[in-house]
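Colleague: Sequence:
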Amino acid sequence: MTAACSDSSTASKAPQTSEAASSGSATPTARPASGPDRERLNKEARDLLDPAHRPATDEKGFVSAGSLAVPGMNVDKTITSGTALRVEVACAGEGTVIFTVTSGTAKAAKRVDCARSPRDGFDFTTAGSSLAIHADSSEGESVGTAYLVSRAS
Numbered sequence: 000m001t002a003a004c005s006d007s008s009t010a011s012k013a014p015q016t017s018e019a020a021s022s023g024s025a026t027p028t029a030r031p032a033s034g035p036d037r038e039r040l041n042k043e044a045r046d047l048l049d050p051a052h053r054p055a056t057d058e059k060g061f062v063s064a065g066s067l068a069v070p071g072m073n074v075d076k077t078i079t080s081g082t083a084l085r086v087e088v089a090c091a092g093e094g095t096v097i098f099t100v101t102s103g104t105a106k107a108a109k110r111v112d113c114a115r116s117p118r119d120g121f122d123f124t125t126a127g128s129s130l131a132i133h134a135d136s137s138e139g140e141s142v143g144t145a146y147l148v149s150r151a152s
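Following numbering that gives the first Met the number 0, the numbering of the sequence shown begins with 0 at its first residue and continues without gaps.
Hints are computed from structural coordinates only; laboratory data are not their basis.
Any given hint might turn out to be false.
As the list claims (entries may be wrong) - 30 Å max Cα-Cα, derived DSSO-like pairs, lysine-lysine: (1) K76 / K109; (2) K106 / K76; (3) K109 / K42; (4) K42 / K76.
Please construct the entire structure, taking both the sequences and the accompanying hints into account.
Modeller: As C-alpha cells, then:
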C-alpha cells in the first residue's frame, strides 16, 4: 500500500492495492492540511465509524476499513461477485467528500458534508471479483476520510 493513497491505519483481512488519481489544486479558500493535520482529520473521521457509533461488525463480517488520501482509491481483490455489503463512510474537516464504490458493473456514490452530516452508509452488492473505494473532494487538503465495509447481515 502506498503512503500517498492511504494512511497506515488501513485494515483489511486481505491484501489490497491502492491507486491515486491525478490531483487538482485545492480551492483558494481551503486551508491545506499538513501531514499532522491530515492525520488528525483522518483520525477524526475514523472515530466517527468507531464501534460505539455503529452496529457491531464481527470479524467474519469485516471486509475492509481505513482512510483514503483525497483523491485516492483502495482496491480489495478478494471479494466475490454477488456479495451483499454495508458500506459506511465518514469525513472530517471543511468541505464535502464524494465516496464512490465500484465492483464490476455495479457503482454507487455518496456525497458526505463533513461539517453538517459527516457520516453516512449504504448497502451495496458486488458485481465483480474486486471492490474499489474512491474518495474525491475539491477541498482535498482540508478533509480527512474513513470507510468501513462489512458483509450485510
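Colleague: Now look at each hint and say whether the structure bears it out.
Modeller: Comparing the hints with the structure gives:
no. : hint       : verdict
1   : K76 / K109 : holds (22 Å)
2   : K106 / K76 : holds (16 Å)
3   : K109 / K42 : holds (20 Å)
4   : K42 / K76  : holds (25 Å)
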